[in-house]
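> Just so you know, the protein sequences line up as chains A and B, in that order. FYI, in the working numbering the residues of the first sequence are 3 to 461. FYI, in the working numbering the residues of the second sequence are -15 to 210.
None of these hints come from the bench; they were simulated from the model. Small disclaimer: the values here were computed from a predicted structure and weren't measured. There may be inaccurate statements among the hints.
[To be verified] Distance windows between CB atoms, simulated:
no. : chain 1 : residue 1 : chain 2 : residue 2 : range
1   : B       : 187       : A       : 341       : 46 to 56 Å
2   : B       : -7        : A       : 203       : 21 to 31 Å
3   : A       : 341       : B       : 196       : 33 to 43 Å
4   : B       : 197       : A       : 309       : 45 to 55 Å
5   : B       : 173       : A       : 338       : 50 to 60 Å
6   : A       : 433       : B       : 196       : 15 to 25 Å
7   : B       : 51        : A       : 283       : 37 to 47 Å
8   : A       : 283       : B       : 41        : 49 to 59 Å
9   : B       : -7        : A       : 341       : 47 to 57 Å
10  : A       : 272       : B       : 124       : 24 to 34 Å
11  : A       : 220       : B       : -7        : 15 to 25 Å
[Stated by the list, open to error] Stretch by stretch, here's where chain B covers chain A in the computed footprint (C-beta under 8 Å, at least three residues):
no. : region
12  : 280 to 290
13  : 323 to 334
14  : 358 to 368
For each residue, glycine too, the CB sits at the ideal point set by N, CA and C.
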Amino acid sequence: MRLTRVASPSPRVGRLAVRVGIAFAIAMAVVGLIGFIVAERWVTHRIDVSLREHAAKYLALGGGAPVTDAAVAARIEDWQRRKVLSERTYVLFGSDGRRIAGRLDIAVPPPGLSIVRFRGGGVSVQEGRALATRLPSGSLLVVVQRSQAATALRALLPQVVLAISLVASLLGIIATWLFAHVIARRLAVAQRAADAIAAGDLSRRIPTDDLDGMFAAQAEALNRMLDRMEHLVRAQRLFSSNLAHDLRSPLTRLRGTLRDGAACTVDDGRTLATTFERAERECAAIIGIFDALLRLAEIESGQHPTAVGTVALRPLMEDIADTMEPVLADRGGRVTIGRLDDACVQGDADLINQMLVNLLENVATHAPRGTRAELSATRDGDTVVVTVRDDGPGLAPEDRVRVTRPFERGAASTDRRGSGLGLAIVQAIVRFHHGHLALRDAAPGLAVEIRLPQARASV
Amino acid sequence: MQLLVVEDDPIIGEQIVAGLTRVGHAARLATTGSEAIRLLREEACDAMVLDRMLPDITGLSVIDHVRREGHATPILMLSALGSVKDRIEGLETGADDYLAKPFDMDELAARVASIARRRGGRSEGARLQVGRLHLDPSGHQAWFRDASIVLNRKQYSLLAHLMRNADRLITRSMLLEGVWGYSFAPTTNIVESNMSRLRTALIGLGCDPIETQRGAGYVLRSERCA
């Protein structure tokens, strides 16, 4: 067996972690951005609400009557006196656009909510949210609030997003690396088992003790596959050793016969002729085994050129009975036909012939002299049951399982003639026809039951 | 008969030539496909034994060549490829019969004789009569002089096959193919057992025309049907 180098199980995490980290970072940046937008909207909304509240207070100064410019201007003056420090301020513009009250130097904003710019502290231009409300007199009351929180938020945005992304990338890479490492460690167990199997140790299985979830399920599935493979390989080895064993006997006889022949002198003409005949018989036996093997392989591998058609069982089975009756009669037995329903199967007539011939030949070669066989075919729903029943000694239950395997014979079989492949070929033919083969105790004797799917008789 | 044997294995080739010569044929040996084609151009032959796998061109292309040149020479194809599929392929290409290695020399000789004669005419539908033995297909009966006997289908086809090939050696495997249509080799004596029934039936009519050739096959002797 070829030995493969067993690779050391070093879990390779590599690019996967970096990729996942980057994906994580992008996701985090998007999340940060969304958070920022939501926060800014909320702040703006709060400011607008506050602006409306304060504007409403000034409009209500009239106490039911329309408010006057003078009342508003007085209130602004009063407010300016009281407030030393405030984010909010008030300006009153006359209908001609002249500033009547208030200290903030801004252009006249349009009525409603808007953004206004002004110089704060004389140097820097600042921004504020303004609500301009038209008074009954035609003057314009402007309430301005400097949205410092929003400004600060906006200033904070790039740093926050960058920081979040970096931290997220790092966390993502670390998390992925750890995760991948854990997975790789688990896979390495399977890899070691696979390497050991490749190196020839078919009994190795993936340990499932430390595994859970999908890893355990996967390992169990692989182990089941390995069980099946090991079984097949063992069957193959058994097949080969059985074949070798089955060939050994005729080859040994052949060699002995030839040696006997070589020892003959010229005068032993008659003896020499029989020796050669015996040698030829042994050769024929060996060739028979190979022919049967090739036939088995041909059917099992689907290489058999299939002349598949609708096969009527009644004439075919009557023909088989006619053919095999003299063979069994020569051994003191007979072939009878039992119930024979009119049934058709979709199949290869040549293969079905061989199936029945093999079964009757089994009765002829492996059952004692005088064993009788009965052929029958009965319809059962969609299937037809073809039965070859004999009244011989039958097979022990454990033999019934064994004999369909290549080169296996029943323990009580009267001789070892034949290829040892008869029932294996029958089994292959049954499988080819999508049928089912069962060996039953016919008390007395053995009943071989073959269930085949019934075909509609074509005209 | 003038025969041409095309076989690249020298030992097998010599054995075939010797075997065919022993039964009274004249055989030449070619070891390659091109040599075979050349020999056939020089002198026609009555039948050809052709190995399927040759060193230069395959046996199948030799058949193609031979047929294209207008030779109707009967061809028996020999091959180590013995599956039914290979056999059908060989027959479809134009071989008249197909024999898988390892084969029996008598088998080969019988088959060569059979295909050579088949080409000579004699239709399958010829009246089934040999001497005073004849068959009645409607009643599956065999008649000899004024006596008749009903045969079962297998015995009837067996006798018909032998009568169509009267005075020729017919091997067991030829009978399995021709009478039973089996492409497999049974392990029991199917042919012998059925043949012995047939002979018993014919002896009942006072006629015993079938001769067993030990190890090789059967011949229906026309002189014994007189």
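> Hints first: check each against the structure and report whether it holds.
Outcome of the hint check:
no.: 1; hint: 187(B) / 341(A): 46 to 56 Å; in the structure: violated, 35 Å
no.: 2; hint: -7(B) / 203(A): 21 to 31 Å; in the structure: violated, 43 Å
no.: 3; hint: 341(A) / 196(B): 33 to 43 Å; in the structure: holds, 38 Å
no.: 4; hint: 197(B) / 309(A): 45 to 55 Å; in the structure: violated, 33 Å
no.: 5; hint: 173(B) / 338(A): 50 to 60 Å; in the structure: violated, 20 Å
no.: 6; hint: 433(A) / 196(B): 15 to 25 Å; in the structure: violated, 39 Å
no.: 7; hint: 51(B) / 283(A): 37 to 47 Å; in the structure: holds, 39 Å
no.: 8; hint: 283(A) / 41(B): 49 to 59 Å; in the structure: violated, 37 Å
no.: 9; hint: -7(B) / 341(A): 47 to 57 Å; in the structure: holds, 54 Å
no.: 10; hint: 272(A) / 124(B): 24 to 34 Å; in the structure: violated, 43 Å
no.: 11; hint: 220(A) / -7(B): 15 to 25 Å; in the structure: violated, 54 Å
no.: 12; hint: 280 to 290; in the structure: holds (count 4)
no.: 13; hint: 323 to 334; in the structure: holds (count 7)
no.: 14; hint: 358 to 368; in the structure: holds (count 4)
Checked against the numbered hints listed earlier, the structure breaks hints 1, 2, 4, 5, 6, 8, 10 and 11; every other hint is satisfied.
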